[in-house]
Amino acid sequence: MTTSVLTSAILEARRNGRPALIPFLTGGFPDRESFWPALEELARSGADVIEIGVPFSDPVADGPVVAAASLKALEDGVDLAWILDGLAARRLGVPLVLMSYANPLLQYAWPLTDPSAVLQARVEESLAHFARKAEEAGISGIIVPDMPLEEYGPFLRALAGTSLDPIALVGPNTSPERMARYARVAGGYVYVVSVLGTTGVREGLPQEVVQTLGRARRAFGLPLALGFGIKSPDQLAALGAEPDAVIIGSALLAHLGAGGDCRGFMAPWLAY
Amino acid sequence: MQAYFGEFGGQFVPEVLMPPLEELERAMELILPTAGFREEYASLLAGWAGRPTPLTFCPRLSESLGLRLWLKREDLLHTGAHKVNNTLGQALLARLMGKEALVAETGAGQHGVATAAAAARLGLSAVIFMGEVDVGRQRLNVERMRLLGAEVVPVRDGTRTLKDAINEALRYWLTNQRSTHYCFGTAAGPHPFPTLVRDFQAVIGREARAQFLELGEGLPDLVVACVGGGSNAIGVFHGFLDDPGVGLVGVEAAGTGEPGCHNSAPLNLGRPGILHGQISMLLQTPDGQILPSHSVSAGLDYPGVGPEHAFLAKTGRVRYAMADDSQALAAFRALSAQEGIIPALESAHALAFVLESHASLGKGSKVMVNLSGRGDKDMDIYLGQPQA
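Residue numbers (my numbering), protein chains in the order written: chain B, 1 to 272; chain F, 273 to 660.
If we strip away everything but chain F, and leave its shape as in the complex, we get (with noise of 0.2 Å):
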């Protein structure tokens, strides 16, 4: 298996985190092809987790745009996000493996709980670092992940946030590693963890495309996602990387969006680094010190990106743009008032981009965003900004 995505990728991992890696690789080969892994999987999708997701046509939106917009509805899946396409997964994968216990990091909250609500399922414990500013702004998720029999341990170090909570679950792997299997929550991390995310949600463009072609559309002209870490982002462009017809648009946080401002867009804004296991783009000080992100989505809210992100830049075949808060605050009124579906925060950044340029996109494009969670987790910030 490559640990590289081009020029980016690797394993920057302490020696005594090399031996786990190597265990997960092996299972992820010995284990994930069976018909067993395959069939509990699909089927746990199916029945428990709520696949395949519907591809909704958003008759308003498209009207006033000029474009035709179609909508992958990730946030119709239990636990409200993509997320739980790569949790089951791992979970299921770790149980197979002998493990008796699952960790995770989660920033919003939606990994923790997707990660927790997994775990209950197949009986597995679960302990979610989360960082102490994250615990504060999304209690509800924590009061989930509890309910769902997770331990949420906060982390108090460094920005209090995700970067933090990935370093303590990292910690936490380290010392715990014969029991516990780290289930990472987005495309990034050190090899395989971009590899075993991306496998996991790359169902979500396999499903949209055969879903297009159903239609009798053939294939959208354009594919939009926001990207944090970039796991939905990966999973919806796998799909059509293939298709040289489809352009594929990743969006990235561009924070208050004054200039300088602290934002998630290291592909944009940032410059080669290594953190959390790889070789990626990142937002740093000149001496290699990693910057605190900001985004009014908790879950864009981090300083790097998953490594083939950072290659599918470099080769041009994904062109990667900035949304700032308040165009995506905008998006989330819209799509609300005009289509009837809240969406996350981080969704609706891939939304803003359709909205603010849709002008040069061509009159009657087909433009697919994936909307990758619902947004009922958002009130709470949504209500505390300034109303337009």
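Just chain B, same shape as in the assembly (with noise of 0.2 Å):
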């Protein structure tokens, strides 16, 4: 098996004795025209990974930054196609990985399934037929925040004829054996979520994230990508956690949003 191309990004990062950095930018914002020069942006002010939301109407993990972000987005006329078909049309330079809610994934290709066929067999043709897409886009991974172990399945079998990562999302109440089984089918790295909650700044991160990910450490033999909550590398310090890379979002966006850019706001992080 080829090591996959976000776990080497992480691990290179790691190697400069630096976490990796992994920002996270809803697709078209802060609109359609400033995305992409942003996204260009990210990777050229050291970005290892990059993450792109896809807009829903309903985000029930995301805080009122990404929420509004995904609004916004949405108003504007953003959908899947329009980012699958702006990412085939450049190459960044830095690995992508795709976020989205599960219904806009399914319905991608959903025309295309066969109407005779069951409910589950359309699903799976359906999420088959976007991954192939998101693969000729450049797309590594994927990352879909309503779909547990349960519903995994159909997913997992859509993906297994490309090379995108399905990338786990655990947190502080997901159980070694959950995380065990989830360790079996995940690639790439995995998402730790910092706290019982949705996506947001928090000033201060709470001390079980050490627990997690030392949880999450034992369980997986991939690199560990924290997420939600984090603002600084201050707070990564406070606790004396060392995951191997963060996940930045809504403090982005929120910088992005009040007319930052995205040197400005990487800088901190590469100093870290």
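These are computed hints drawn from the structure, not numbers from a lab.
One should not assume that every hint holds.
Derived contacts from chain B toward chain F, CB cut-off under 10 Å, selection only [unchecked claim]:
#1 D62
#2 P64
#3 D79
#4 L105
#5 V118
#6 L119
#7 Q120
#8 P148
#9 E150
#10 A168
#11 V170
#12 T174
#13 S175
#14 Y182
#15 V195
Fair warning: this is a prediction, and the values are worked out from it, not measured in the lab.
Cβ atoms here follow ideal geometry from the backbone N, Cα and C, with glycine treated the same way.
Using the hints, build the complex out of the two chains.
Following this line, the structure appears as structure tokens:
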């Protein structure tokens, strides 16, 4: 099995003595025109991997900042096809991960599925079509925040014929047993959710992050990326937590929304 | 326990919601069958909520329609609708699970009021999320919830109605899962909610079936109920699913009835999709964004539907029809003027189906409509409509 480009990119940053940086940007944010330059600037400003969020009308795992960015993008007419077509026309030089709720992925190729087939077969067929398009667009991994182990089957089968990594999400309440089950099927890196809550900046991170990372370290052979609530390098230092990567979403969206640039946002992290 | 009804259902939720869903499923298996739970639930349903509810014959409408029409009177239940069958069961279960608080969503406010009342009776605190639009059009229910001791939180995201209130309640539960039970209001959402809510609402169908047999009338030819998320309908249908001679009709809200209008009829006008933890029928755009729904009845105003209804539609055991706003308002007036009962606009959709299609139902057929709620709450909406 070839090593995932996502795993390699994170391990490369670790060899340079810092956690890998994974900024998250909602597709089409701050607006349709400035999204692509923002993505390119992130790639030039030290991002090791970039996560791109597919806007959805009902983002239950997201806090107010990502939810608002998502709704604004929808108002601007952004959809999964626009994101994939735009990516297919560019090469950013940084591995990309797509984060999407289940329904936009499911509906992407729904009209192409066989209406006489049972629902689960249509789900798998639609997701498989999406996965091929995502691969062509240069995507390396997929995160689906509303698809836990119980619903993973069709998704894994759809990704099986591609180079895409299914990225597992685990949290403070994920048992070692469930982590072990994810470990058998997941790839790329592990998205470790820092708190019981939604995405969004928090002043302090709970001490239980250290325990969660410890459990994930024992369960997975993949790099661990810590996300939800991450704003500044000081938070990690205060905890003594050592994830292999950090995922920074809401803080970046808020920074860009207030007129800031990507380079200025990334600088303190590169110095960490 | 099965997470799917045929092809529909499942648990499409963030990983961090799986442990509380598993905890709830274990609690259902361990607590619901115990004598302690069953006795206290039965005693509260009888002594506090007002069960059994009567089966009422409608002589004047029967005469004019050429049918024999009965109503199952969930409108007479405490707090004014069938919702309390479920909230009382879930509140009691939550207390036995050691939870201190309930969180719930509400559209029209009926489920919010029923949750707040059950929480007050059982000494739990309650937080109710309600879309800002609904807060505006259901002031009275907001104040009832507050009087009952609940905290009402207006939701300003998205369409600012029921679906967004569910999103916010899910986020709250995700964050406060250790102390709080999510008292879900309809037979939808992630497993095990569709089963849990159905089992608490199944008392409607069990009771109605026994009452019919007691009348010496045999079984009804047709049972009709309105379907939003679908909890009153699944509750009444379950009493008759195994009676092949009993036809079952669920009635969705067609909105204004104009072609292409916003509606609340995903079984008739939607396609399969994933929302709020389940794969079911859904109103959505081609790229999978959830469409705003519309119905004159706030309680039916939801773009999705419980997975068991999607299953029963697919198997053909239940037929799903539609009634539009004006047909429901006509039924609202007819039942009030001719039988002395003001129905909830939700339940008026079920009655509207009977008024519209009585000619094809067969002379003298025995028809039972589940009157899921009373209409006092809808007077402002009724008065705001152009009068026919």
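Status of each hint after checking the structure:
1. D62: It holds, given that the least Cβ distance between B:D62 and chain F is near 8 Å, below 10 Å.
2. P64: 8 Å, holds
3. D79: At about 4 Å, which falls below the 10 Å cut-off, the nearest Cβ of chain F leaves the hint on B:D79 intact, so it holds.
4. L105: 8 Å, holds
5. V118: With Cβ-Cβ at 6 Å, under 10 Å, it holds.
6. L119: 4 Å, holds
7. Q120: Nearest chain F Cβ about 6 Å off; hint holds.
8. P148: 5 Å, holds
9. E150: This hint holds: B:E150 lies near chain F, its Cβ roughly 5 Å from the closest one there, short of 10 Å.
10. A168: 8 Å, holds
11. V170: Holds. Min distance 6 Å.
12. T174: At about 6 Å, which falls below the 10 Å cut-off, the nearest Cβ of chain F leaves the hint on B:T174 intact, so it holds.
13. S175: Interface hint status for B:S175: holds (7 Å vs cutoff 10 Å).
14. Y182: With Cβ-Cβ at 8 Å, under 10 Å, it holds.
15. V195: 8 Å, holds
Taken one by one, the earlier hints all hold for this structure without exception.
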